[in-house]
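Next come the chains, spelled out residue by residue.
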Amino acid sequence: MKGTFSLNILFSYLRNVVLQNLLFEFKKIISLKFVVVGFLLCVFFVPVGNATEIVVNQSVPVQAVSLNKIRAIFTMHQRFWPSGEQIKVFTLVDKHPLHKAFAKNKLHMFPHQLRRVWDRMVFSGTGQAPVTLESEQEMLDKVANTPYAIGYLSREPDNEKIRILVNE
Amino acid sequence: MNRFLVFCYGLLMSVNVQASFWPEELQTHGFLTQNFFHTSDNNVYGQSDDGISPGLTEIGLNLSYQPFSRLTLSAQGLYRRAGKVDGGNVRLDYGVADLNIFNYQNGRIGIRGGRIKIPFGLYSETRDVAFTNPSIILPQGIYFDRSRSLLVSADGGSLYAEHRTEYGDLSFKFNLGMPLGDNEEIRSAILGPAALGKFEASPAFATQLSYELNGGETVFAVSYMNLKLKYHPSAGDFISAGNTSIRPLLFSAQYNGEKLGLTAEYLYRWNSYKDYGVMPDFQFVSESWYLQGSYRFLPQVQGIVRYDTFSSDINDRGGQRSVSNGLPNHIAYAKDWMLGVRWDITSSLMVRTEYHRVHGTAWLAQADNQDQSKTKQDWDLYALQLSYRF
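Residue numbers (the working numbering), protein chains in the order written: chain E, 56 to 223; chain V, 3 to 392.
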């Protein structure tokens, strides 16, 4: 008797396990569907590439820049603001997704093209590279606390020491 | 060598330790490259024939400091060891004071003084920095390694100007200075293996005008140099005190796309030999060009293919004059097919390998191939490179 009882318990346990697993698999399939649909919606309906903002320290005496100017600043060719103060350029490491997005959307360049320009200056004694940072938080701190600094962020900054530089 | 490494290590450590005290106006960068070569015949960078030569090592360390906003001081020390041509020594690669004289919204003008890198073609200024080069061995018809000291840096001054327009950016450089001219390979390249004296360079100028579109996506450049060398015979030398002038004109074009890269350069070089006594004065023109294509299969992996050709005298492409001087005719030319792969493991670590099929021996170093009559016309070259940078 004892044996039958324990077998019953075992069977019901196994049944529950199997049912739960099936349910779990079913839920996974459903949620996967949502993920796929959501992803497709993102791809087709969400504009990609507006997620980068060029930001400057509040001390910067410029409100808007053209593509040419912004390129000249980040390739370290233009070193001074119109008022004469030296531009402090901050950038993220080459492989950072935000750096790639910034190069592509705001400079219409690729990270390897920027790297080429900076390396040629750094290793020939004809210029300096921008200060390279590891994270977006670091970028926010540096631009906020360095007079005449320029950098980029993935969102609008809620810091009064930083403002967005708009495209001309 | 060991002392230099210890010095580098010490400097690196001090950079790490003092990172928080390190002023932002002071930047330091460096690189370390080790190359390995194997050839089917002929030797490059040491004994590469029937073996593997680790004979090319390049270590560089630079500092750049901006004491005032318009003044930048920068210097780079370079350790280089290259087969039997260069047994290995540390020297100042560049040491420059750069004064930004005039700035306006679309450009700038400035002057540089000190030991300055020579702007010649697309790669000269950073020719020893593996990360900036397209291949382990640069196209040798233009970026000669054996007589490189004429093309590396010069002591003097430079004027530079940059102007940006809606239709691209113009950049101009004019350098006047004393190239580092005395070198046995230059002597051998000019006068052959039998000469014993020394060459002395005169002040030379190098100038470059370049035009770049879309932040360097497309680059066009023209470079010109005027080199003058005076020969000082040693006692018992059968060659008299002659003069050589070398005037290379180089056209460059490059496209750097997201994945595809295309590069072409064409060199036309006037050479003049005067008053050497044993041979009549003569003038001749050397020519070289190459076509290079690269493709980025993955963000970190690039394939490259190149054809490079050089003729030391366009009126004697087959090398008949070499034969009449008792040297093999294939010393007068070199045609090189190259195939390579580069893998950037991280942004500061890179490994690459390449294969060359070479027809001709024009750019082989005399020091690595003492008996030029034993060199072979058709040969294969395999190279492997490991490079670190920071």
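Calculated from the structure, these hints are not laboratory results. Note that the coordinates shown come from a computational prediction; the quantities given were computed from them, not determined experimentally. C-beta: ideal position from N, C-alpha, C; glycine also. Treat the hints loosely; a few may be bogus.
To list a few chain V residues with every Cβ distance to chain E over 12 Å, as calculated [to be verified]:
| # | residue |
| --- | --- |
| 1 | 33 |
| 2 | 52 |
| 3 | 65 |
| 4 | 71 |
| 5 | 106 |
| 6 | 110 |
| 7 | 112 |
| 8 | 131 |
| 9 | 171 |
| 10 | 203 |
| 11 | 287 |
| 12 | 298 |
| 13 | 350 |
| 14 | 368 |
| 15 | 384 |
| 16 | 391 |
Calculated from the model, a selection of chain E residues having no Cβ within reach of chain V, i.e. all distances over 12 Å [what the hints assert, rightly or not]:
| # | residue |
| --- | --- |
| 17 | 114 |
| 18 | 140 |
| 19 | 149 |
| 20 | 153 |
| 21 | 155 |
| 22 | 166 |
| 23 | 167 |
| 24 | 191 |
| 25 | 192 |
| 26 | 213 |
| 27 | 216 |
| 28 | 218 |
Computed spacing ranges between beta-carbons, pair by pair [unchecked claim]:
| # | chain 1 | residue 1 | chain 2 | residue 2 | range |
| --- | --- | --- | --- | --- | --- |
| 29 | V | 287 | E | 114 | 25 to 31 Å |
| 30 | E | 122 | V | 259 | 40 to 46 Å |
| 31 | E | 122 | V | 376 | 56 to 62 Å |
| 32 | V | 348 | E | 196 | 21 to 27 Å |
| 33 | V | 373 | E | 163 | 23 to 29 Å |
| 34 | E | 190 | V | 301 | 52 to 58 Å |
| 35 | V | 307 | E | 122 | 41 to 47 Å |
| 36 | V | 103 | E | 114 | 24 to 30 Å |
Quick check: does the Cβ-Cβ distance between residue 348 of chain V and residue 196 of chain E fall within 21 to 27 Å?
About 25 Å separates the Cβ atoms of residue 348 of chain V and residue 196 of chain E, which means 21 to 27 Å holds.
Say whether it holds or is violated: residue 368 of chain V keeps its Cβ farther than 12 Å from all Cβ of chain E.
29 Å, holds
Would residue 114 of chain E pass as off the interface with chain V, using Cβ distances and a cut of 12 Å?
15 Å, holds
Measuring from beta carbon to beta carbon, are residue 307 of chain V and residue 122 of chain E in 41 to 47 Å?
Between residue 307 of chain V and residue 122 of chain E, where Cβ atoms are some 33 Å apart, the hint is violated.
Measuring Cβ to Cβ, find out whether residue 131 of chain V lies farther than 12 Å from everything in chain E.
Residue 131 of chain V is in fact no farther than 12 Å from some Cβ atom of chain E, at 5 Å.
Would you check whether the claim that residue 298 of chain V is not at the interface survives, using Cβ distances to chain E and the 12 Å cut-off?
8 Å, violated
Residue 155 of chain E clear of chain V by more than 12 Å, beta carbon to beta carbon?
9 Å, violated
Could you say whether the range 40 to 46 Å given as a hint is met by the Cβ separation of residue 122 of chain E and residue 259 of chain V?
18 Å, violated
Nearest-CB test (12 Å) between chain V and residue 191 of chain E:
Correct as stated: the minimum Cβ-Cβ distance to chain V is 18 Å, above 12 Å.
Beyond 12 Å from chain E, beta-carbon-wise, is residue 71 of chain V?
At about 4 Å from chain E, residue 71 of chain V fails to clear the 12 Å cut-off, so the statement is violated.
Far enough from chain V: is every CB of that chain over 12 Å from the CB of residue 153 of chain E?
15 Å, holds
Against chain E, does residue 384 of chain V hold up as non-interface, every C-beta pair farther apart than 12 Å?
With a cut-off of 12 Å, residue 384 of chain V remains clear of chain E, as the shortest Cβ separation is near 26 Å.
In terms of the numbered hints stated before, the structure departs from hints 1, 3, 4, 5, 6, 7, 8, 9, 12, 13, 16, 18, 19, 21, 22, 23, 29, 30, 33, 34 and 35, listed from lowest to highest.
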